[in-house]
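Visitor: Fit chain B to the known structure of chain A by using the hints.
Number of protein chains: 2
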Amino acid sequence: MSFSLGIGSNIRKSPYFDATVADGVQSFSVYNHMYLPGHFGDPQGEYERLINGVVMWDVGAQRQVELQGPDAAQLVQYLCARDVSGTAIGQGRYVPICNHDGNLINDPVLLKLSADQFWLSIADSDIELWAAAIAAERGLDVRVYEPDVSPLAVQGPKAARLTANLFGEWTQELKYFWFRETSLQGIPLVLARSGWSKQGGFELYLRDAARGQELWDIVKAAGAAFDICPGAPNDAERLESGLLSYGADARLQTCPANPFELGLGKLVDLDGPDDFIGKPALLKIKTAGIKRRLCGFVIQGDPVPASEHRVSVMQNDIVVGSISEMACSTRLEKNIGIGLISNTIADDVDNLSVSLDSGLRSITISGLPFIR
Amino acid sequence: MSFSLGIGSNIRKSPYFDATVADGVQSFSVYNHMYLPGHFGDPQGEYERLINGVVMWDVGAQRQVELQGPDAAQLVQYLCARDVSGTAIGQGRYVPICNHDGNLINDPVLLKLSADQFWLSIADSDIELWAAAIAAERGLDVRVYEPDVSPLAVQGPKAARLTANLFGEWTQELKYFWFRETSLQGIPLVLARSGWSKQGGFELYLRDAARGQELWDIVKAAGAAFDICPGAPNDAERLESGLLSYGADARLQTCPANPFELGLGKLVDLDGPDDFIGKPALLKIKTAGIKRRLCGFVIQGDPVPASEHRVSVMQNDIVVGSISEMACSTRLEKNIGIGLISNTIADDVDNLSVSLDSGLRSITISGLPFIR
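If you're matching them up, the sequences are chains A and B in order.
Our numbering puts the first residue of the first sequence at 1276, with every later residue one more than the last.
Our numbering puts the first residue of the second sequence at 1276, with every later residue one more than the last.
It is possible that some hints are incorrect.
Derived Cβ-Cβ restraints for the label pairs, each shown as a range [what the hints assert, rightly or not]:
1) 1545(A) to 1547(B): 40 to 48 Å
2) 1452(A) to 1423(B): 35 to 43 Å
3) 1546(B) to 1452(A): 48 to 56 Å
4) 1561(A) to 1299(B): 45 to 53 Å
5) 1320(A) to 1416(B): 55 to 63 Å
6) 1391(B) to 1625(A): 45 to 53 Å
7) 1456(B) to 1625(A): 41 to 49 Å
8) 1418(B) to 1580(A): 35 to 43 Å
9) 1577(B) to 1423(A): 30 to 38 Å
10) 1363(B) to 1452(A): 53 to 61 Å
11) 1587(B) to 1298(A): 23 to 31 Å
12) 1547(B) to 1618(A): 45 to 53 Å
13) 1585(A) to 1575(B): 44 to 52 Å
14) 1547(B) to 1621(A): 56 to 64 Å
Derived from the structure by calculation, the hints contain no laboratory data.
Note that the coordinates shown come from a computational prediction; the quantities given were computed from them, not determined experimentally.
Heads up, the beta-carbon is just placed ideally off N, CA and C, and yes, glycines get one too.
The following block holds chain A by itself, in its conformation from the complex (with noise of 0.2 Å):
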C-alpha cells in the first residue's frame, strides 16, 4: 500500500524539512507533530551505508522538553523512574517516564546542561503538555517549556572520523551519550555522542531553526569524503539492535506496558531515596509479578513487507503476544521483529505462530539484540 501524505499546516516542518526536499526525500512519517523523513528512495542502500559508512538523519522531530530553573533538578527525579542524581553536567542518560499507573510514555534521553537546566530529548508524546502540569500543580519553580532545539544525526561507522573533522580530536574521547556545547562555523549546537541506531555516531542538536540548511550543507559537504547520504531512523537496523520504540512497541493508548515488562527494569529505581511518578503502582506491579517480557522473534519464510505489524502472536489458537514489527534483515538472512510474550511461554518452544496477509507462519523466540 502507498498512500501520499498531505502537506498541512497542523503538521511542523523540521529545519532541515527544505535540505531534505532538495536531497530528494521520497517517504515521510509523522513524529511529535512533525515531518520525519522515511527515506530518500533507497532504502537498502540507506541502511548499507548506515551499516558500512555514514548517514545524515533529519530528525528535528525528536524534541526537546527544557527543565529550566531552581527546582528543575527536583521535577526531572520526580518524572524519571531512574534514579538521575548522580548525573554530570554534560552527560546524557536514557530514562524511562511512566504515568501514575506505572505505564511507559516516553523514553527519553535526558540531558544535563547545567545544575538547574536539563533536557528531555523525547520520543513522540506531548511530554511537555504533562511534566508543565506536573510542575504548576506541584507549585515548582521551574520552566517547561520546547526550546528551539533540533538534531541532526550522523550515524555509521564512519561517524566519528566525520565528526572529528568537523569538530576535533576531542571528540573522539566523548563517552556514549555525553555532549558538549559548542558551536560549528558560528551555528549554536550541543554535540552528542548519541543517535537512535547502534552503529556508532552522534547527534548534532541545532540550536538556531533559522540556520538548519546551513548546517546540513556543511555536514554534508564535510561527508562527502565519506560518502555520506541522507537517510533516516532505520526499521531494520533497531530490530537488529533490539531499540525500543515508543509508540510502536508500547503506546498508552494502543499498547500498554510497564518498563519491566519492555526490558527497562534495570532503569527503575524503586529502592532510591526519592519519589517519583508511578513509583508506587510499579512498586505493586513487581510485587505481583511480571506477565510479559520484550523479545524478539524470527519469523519462517519468505521477506515479511515491511508494512505488516501489529500482528498477534498464536499457540494452539490462544494469543500469547504480540509482534509490534518485523522486518527482513539482510545481515542476518532472516525475518526478525520485535514484541511482547506472555511469560508463560518459555524461549525455545516451537508452537508459535502469526498469521500476516501471506499466509500463517512459524515464529521462533529470540533474545535482544540479534546482532551485537
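Guide: Just chain B now, kept in the frame of chain A:
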C-alpha cells in the same frame, strides 16, 4: 510537492482504515498519532458533495478522553476554561482547554454521558496524559483513559435525512451538539449532532472498534440513495466557515495563543465561581490587553496552492501577523485564509501583503466566517 507516507507501526490505524483503503483513499495526514484520511482522489468533488449532498468521514483520529468517577465533574470543570456546570446529560459543548499559562492546548467537544462520566472529544494533542497527571496530582477519585470510541461523521445538507432513515425521526429533533446513546443494527454508538463543518450533520461515535467496517458499510449503503461519497475534513470549507483548527491556527509549540486571541473569549468564564487551569494567567492577560485577533484574509491573485501555509503578514516590511492556512474558495471565487493579526492593525488597511512562492500578494482582512 507530493510524498509518500510510510505505513508504520508507530501510527495507529482507525477502525475504518481498511474500509477507506477499499474505497480508494489516496492521501492521509496524521492526527492524534493516527492516520486521518486526506482525500479520495477528487478533493473538489468531495467538497461539492459536502456543500450540496452528503459525505462520510473517517474521523476516528478524533479520540476521546473519558473522565469517569465520583470526582469526574470536578475535574472537568478544573480542566475547562468554560463554565460547564449547567451541562445536561446528553449535551455536548465546545470548550477551550488552556495550560497553566493561559495558552490554548486543545479545543474539544465535551460530552456529558452521565453525572460522573464525560468525554473530551479532542483535537491533536495528548490531553489524556495531561488530564491524568492533573487528576493524580490532585488526588481526585476519577479514572482518566481513552475508551474504545471512534467517530464516523456524516456531513452535508442531506446528512439529516440519511441519519433519520438510519436511526429514526427523533434524530431530526436533536439540537446541535446534543447526543444520544443508541445502536445501529446492534452496533453500540453515541449519535451526536455535530461535526467539523458548518454544513450540518452527525457524528456516529462507534463504541466497538471491531465493528468499524460493518458501520462503514451500513452508512455507505443507506447513503447510496443520497449519492454519498467518502471524504475528509475539508480545508476550504473550514476556512469559509471560520472553524478553528488547533494544531494549525494555534499550537503550544509552534504558535502559542490564548483563547481571547483566537476568538474564544466568550467561552472563557473568568467570573465563574470555580477555579480552572489557566484562570489566573488569563485574568492577567485580559487586564494587560489582548494583542492579536483571529481573522480571515482575502489573498489577491491566482489561486493559491494548498501547500502554502504559515506565512507572515507584512506591513511595510514589518511582520504584523500570520496566515496559518489558505485555500482557494470556489464558492467565493477568492483565495481565503485564516490567521492572527496584531490589534494595532485596523480591519480596513490596504497595505498588507504576504510573500508566497509565486510572489508577493496583496491581502485584506475579512471577518469570520466568510460564509454563514
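Visitor: Determine for every hint whether it applies to the structure shown.
Guide: These are the hints, each one checked on the structure:
For residue 1545(A) and residue 1547(B), the hinted distance range of 40 to 48 Å is satisfied, since their beta carbons lie about 43 Å from each other. Between residue 1452(A) and residue 1423(B) the C-beta distance comes to about 39 Å, which sits within the given range of 35 to 43 Å. At about 51 Å, the beta-carbon gap between residue 1546(B) and residue 1452(A) stays in the expected band of 48 to 56 Å. The given range of 45 to 53 Å is respected by residue 1561(A) and residue 1299(B), whose C-beta atoms sit roughly 50 Å from each other.
Look at residue 1320(A) against residue 1416(B): about 56 Å separates their beta carbons, and that is inside 55 to 63 Å. About 50 Å separates the C-beta atoms of residue 1391(B) and residue 1625(A), a value consistent with the hinted range of 45 to 53 Å. At about 48 Å, the beta-carbon gap between residue 1456(B) and residue 1625(A) stays in the expected band of 41 to 49 Å. Separated by about 39 Å at the C-beta atoms, residue 1418(B) and residue 1580(A) satisfy the suggested range of 35 to 43 Å.
For the pair residue 1577(B) and residue 1423(A), the supplied restraint of 30 to 38 Å holds, since their beta-carbon distance comes to about 34 Å. For the pair residue 1363(B) and residue 1452(A), the supplied restraint of 53 to 61 Å holds, since their beta-carbon distance comes to about 54 Å. Distance hint check: the CB atoms of residue 1587(B) and residue 1298(A) are about 26 Å apart, consistent with the given range 23 to 31 Å. A C-beta distance of roughly 51 Å is found between residue 1547(B) and residue 1618(A), which places it inside the suggested range of 45 to 53 Å.
In this structure, residue 1585(A) and residue 1575(B) meet the distance hint of 44 to 52 Å, their C-beta atoms being roughly 49 Å apart. At about 60 Å, the CB distance of residue 1547(B) to residue 1621(A) agrees with the hint of 56 to 64 Å.
In summary, the structure agrees with every hint in the numbered list given earlier.
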